[in-house]
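*Asks:* This is what each chain is made of:
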Amino acid sequence: MRDIRRSRMKWGVSAAALSITLAAATAGLANEAQSSDAASLVGTQSPIKHVIILIGENRGTDHTFGVYKPKGRGQTISNIFSKGIVNEDGSPGPHFALAQQFQVKPQSTYFIGAPDKAKTAYGNRGQMPQPNTNGAPVAQAATGAPFIPAVLAAAATLDPSPDFNPLTDTILTTGFTSLASDSLDTRVPDAGILPNGPFVLQGMNLSDDDYTGDMTHRFYQAWQQSDCSVANATRANPTGCLNDLFPFVMATYDLNDSKSPAVQGNFSEGNEMGFYNAEQEEASTLKTLADRFSLSDNFHQSFQGGTGANHFMFGTGDAAFWSDGNGNAIVPPTNQIANPNPAAGTTNKYTADNAFTNCSNFEQPGVAPIVSYLEALPYRAEPNCAEGHYYMLDNTNPGFYPNGFQAPNPGAQDMIPPSSVRTIGDALNEKKISWAYFGGSYNDAVALSNDAVTAGTAATLNSSTAMAEAALADPAHELGVAYCQICNPFQYATSIMGNAAQRAAHIKDTVDLLADIKGNTLPSVSVGKPDGLLDGHPSSSKVDLFEAYVQQVLDALDANPKLKATTAVFVTWDEAGGYWDSGFIQPVDFFGDGPRIPLLVLSPYTTGGKVNHSYADHVSLLKFIERNWNLRPLTDRSRDNLPNPRMRADAPYVPANMPALDDLWDMFDFDRAVNQTFLQ
Amino acid sequence: MRIVIRVVLLASVLASVAASAAEFSADIVSRDASGAAIGTGGRLYAANGKVRIETTDAAAGFFLVDGATTTSLFVRPQQRVFMDARQSTRLTRIFLPLDPGSPCAQWQAAAQASGLPSAGGDWHCERKKNSSVNGRETLEYSVTSSANEAATQGWIAPDLGFPVKWRAADGTTFTLEHIRVERQPAELFAVPADYRKLDPQALIERIKHSDVWAAPPQ
Numbered sequence: 039m040r041d042i043r044r045s046r047m048k049w050g051v052s053a054a055a056l057s058i059t060l061a062a063a064t065a066g067l068a069n070e071a072q073s074s075d076a077a078s079l080v081g082t083q084s085p086i087k088h089v090i091i092l093i094g095e096n097r098g099t100d101h102t103f104g105v106y107k108p109k110g111r112g113q114t115i116s117n118i119f120s121k122g123i124v125n126e127d128g129s130p131g132p133h134f135a136l137a138q139q140f141q142v143k144p145q146s147t148y149f150i151g152a153p154d155k156a157k158t159a160y161g162n163r164g165q166m167p168q169p170n171t172n173g174a175p176v177a178q179a180a181t182g183a184p185f186i187p188a189v190l191a192a193a194a195t196l197d198p199s200p201d202f203n204p205l206t207d208t209i210l211t212t213g214f215t216s217l218a219s220d221s222l223d224t225r226v227p228d229a230g231i232l233p234n235g236p237f238v239l240q241g242m243n244l245s246d247d248d249y250t251g252d253m254t255h256r257f258y259q260a261w262q263q264s265d266c267s268v269a270n271a272t273r274a275n276p277t278g279c280l281n282d283l284f285p286f287v288m289a290t291y292d293l294n295d296s297k298s299p300a301v302q303g304n305f306s307e308g309n310e311m312g313f314y315n316a317e318q319e320e321a322s323t324l325k326t327l328a329d330r331f332s333l334s335d336n337f338h339q340s341f342q343g344g345t346g347a348n349h350f351m352f353g354t355g356d357a358a359f360w361s362d363g364n365g366n367a368i369v370p371p372t373n374q375i376a377n378p379n380p381a382a383g384t385t386n387k388y389t390a391d392n393a394f395t396n397c398s399n400f401e402q403p404g405v406a407p408i409v410s411y412l413e414a415l416p417y418r419a420e421p422n423c424a425e426g427h428y429y430m431l432d433n434t435n436p437g438f439y440p441n442g443f444q445a446p447n448p449g450a451q452d453m454i455p456p457s458s459v460r461t462i463g464d465a466l467n468e469k470k471i472s473w474a475y476f477g478g479s480y481n482d483a484v485a486l487s488n489d490a491v492t493a494g495t496a497a498t499l500n501s502s503t504a505m506a507e508a509a510l511a512d513p514a515h516e517l518g519v520a521y522c523q524i525c526n527p528f529q530y531a532t533s534i535m536g537n538a539a540q541r542a543a544h545i546k547d548t549v550d551l552l553a554d555i556k557g558n559t560l561p562s563v564s565v566g567k568p569d570g571l572l573d574g575h576p577s578s579s580k581v582d583l584f585e586a587y588v589q590q591v592l593d594a595l596d597a598n599p600k601l602k603a604t605t606a607v608f609v610t611w612d613e614a615g616g617y618w619d620s621g622f623i624q625p626v627d628f629f630g631d632g633p634r635i636p637l638l639v640l641s642p643y644t645t646g647g648k649v650n651h652s653y654a655d656h657v658s659l660l661k662f663i664e665r666n667w668n669l670r671p672l673t674d675r676s677r678d679n680l681p682n683p684r685m686r687a688d689a690p691y692v693p694a695n696m697p698a699l700d701d702l703w704d705m706f707d708f709d710r711a712v713n714q715t716f717l718q
Numbered sequence: 236m237r238i239v240i241r242v243v244l245l246a247s248v249l250a251s252v253a254a255s256a257a258e259f260s261a262d263i264v265s266r267d268a269s270g271a272a273i274g275t276g277g278r279l280y281a282a283n284g285k286v287r288i289e290t291t292d293a294a295a296g297f298f299l300v301d302g303a304t305t306t307s308l309f310v311r312p313q314q315r316v317f318m319d320a321r322q323s324t325r326l327t328r329i330f331l332p333l334d335p336g337s338p339c340a341q342w343q344a345a346a347q348a349s350g351l352p353s354a355g356g357d358w359h360c361e362r363k364k365n366s367s368v369n370g371r372e373t374l375e376y377s378v379t380s381s382a383n384e385a386a387t388q389g390w391i392a393p394d395l396g397f398p399v400k401w402r403a404a405d406g407t408t409f410t411l412e413h414i415r416v417e418r419q420p421a422e423l424f425a426v427p428a429d430y431r432k433l434d435p436q437a438l439i440e441r442i443k444h445s446d447v448w449a450a451p452p453q
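These protein sequence lines are chains A and B, in that order. Here my numbering is used: the first residue of the first sequence is 39, the next is one more, and so on. Here my numbering is used: the first residue of the second sequence is 236, the next is one more, and so on.
To be clear, the hints were calculated from the coordinates, so they are not data collected in a lab. Built from N, CA and C at the ideal position, the CB exists for glycine as well.
Examples of chain A residues toward chain B, derived with CB under 7 Å:
hint : residue
1    : S502
2    : P513
3    : A520
4    : C522
Model the full assembly from the supplied sequences, consistent with the hints where possible.
*Replies:* Dropping the structure here:
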């Protein structure tokens, strides 16, 4: 039995926030800013001279802030607590049935809006798929998280990366399940007899300091889980997405009905319905930041599905496509093309669960249900699928290795050829505005890439495999396998990754981010991505590890008040990771949007515990950058061309002018600066 | 039965070679095909079938080669950890105690122990003319592996039972210079008992559960 409050004691977060005026704070900055802050001299449309965007992995809004009460006066939030789906203690609330989940009789082809006649609600008391330990570590290990403590102490000096620091030295050793792999997660209270709906990830043996089971989060699965049909539309939910097939899709998309589920591996079971209780000490660092700054409860993952496509959309406002490496669309190898139609004799087993689709072609499996739905919406939502283009819907490694080596046979290596899609980095370069992507363990990844090139494996293997092999041969740089290639949208781009000077100037490690903050060399635009140990992803990481990553960056900023005074930190996630969410979804094209994810905006101009309801997604971050630094939309087809929403009084989460995406400008009050400590 | 006998014979050869090797220290000097000095350099110590290699390419620690097993470790004293060296440096596959009359078995065994893909099959060492390296008499061999790679050359000093020069297929050479035959402290070749061994495999398995690992298609 473990103490669920131990991580809270570690953080030592005070409930009282210190708030003083910026003028008072800046009066005592005698020893700050040893060197000049070049980015502060660049003209901007607001007092914000630096943007830092920190992106975690796989947590949704209800999953993280489902039980949260805003601290700002008069503020409201849309979550499962405010809707009465759950009570403040996380137990089922008076409107629990609003979240009930359904199963669907076999259909002849892929669907995203299940016919009413084919749907049956799961019963209560364990009939909904139950949570399991899918992939979560069973015990401590010598060289994998959670580490055996003594080894971690050694590793802290072995590699002075942000992974091993005073904030993580304990929590990287805790949280293992002590349960069998892929078994019922009995740490969840009442696991095995949970009712049909969301359940709290909190108990005597379970907190946000514990690893929990993962679930699949891919494009066609996500659309199907959302269960969108205009037949379901209401005034408050005009797009008719019911979000009621989450456990069903996980239980069936890879289920061969002729075999027992027990012998077919894991299907994530009911993990989608788990959530944390921010009002009872879970995700407490994030909650403190929400209490002191601003939170959006209508911010969305921009792409249905997973990590790679969402990060790419964030970096480009668009989707990647398979090409000849020179910008010309070509057909990918057959084994890359998706076919989500159910295999014969199965309930819903996808015929080919692959990553690329030509969505301009109605005949392609999976395309017609989505495009037909978009055409039926009460607003113009173009699929935005160029003719003959096979778009990347699911995780595919870039055609470049982290060191810039270009895979010579990307098709055979399961890597997408180099991309010509214009990025925000290209736009910033043209205006000579400084920027950098800071990826955790990037420096080690470069070393492993060099090894793989020397070994010849970089020319033949997928980069994940080649770098893992390199790590086995070069253990001194093993953390390089934790660097996230698909999270870096610029690693796909020929203009950045194919140019050694660009790579050196803009693709860096977390250690460089911390050094830039300390040394007053922070670029105008910074993107920070932790490595796979700290990114907060279920199963491989934890919420409090991502909190530790965020805290490390914020602590560095707190130590440089002058820089902090002109910096806005956006803390968000790449996607909800397959976690169920109760929020409204506005489809804007074939690719998304998807469920809500949290967005915290931390700056002197976003204090007070406010909650913003304006509709936004990852591309809204691009829109903020473009507005602040006076840039145009990236291309004529990128999503940053969409207008800002006009929100409806009678349905405050639904834009009146769909499709629309907010530029987040109104989350700031540029007339009033308050110097608010982040976490001290 | 024949395989078992061969294994036993090989093991006994390796053990006898290791046991008979001389004790000495030397500088490791590397040059490119034109003869210009290049980065990889360092110090080498040998005694009782064990080898310690300190190289500028891995300055945070040192390599230990066990001539009896042809396996090698990388030791990081500051962190009190060690790990299988595997392919971290090719020096551990070159500089190890050898049978001057038949060196291929040990070189191949070292390659196999490091996990080199080209280590299998038949290796062949063709004896060339005797020559001198820095004034020391050596036996020169042309070495080819079953992978049909370009031949490499090795020069072995019979009095040391040890290679003193190696030329790779690209012309790069590694030479032992300033050889001093003398007793070596035993602690140079030992891993302290309280050091922990690291293995990246567990980290890789954990990362496979994250989105960092992009799974190939079905």
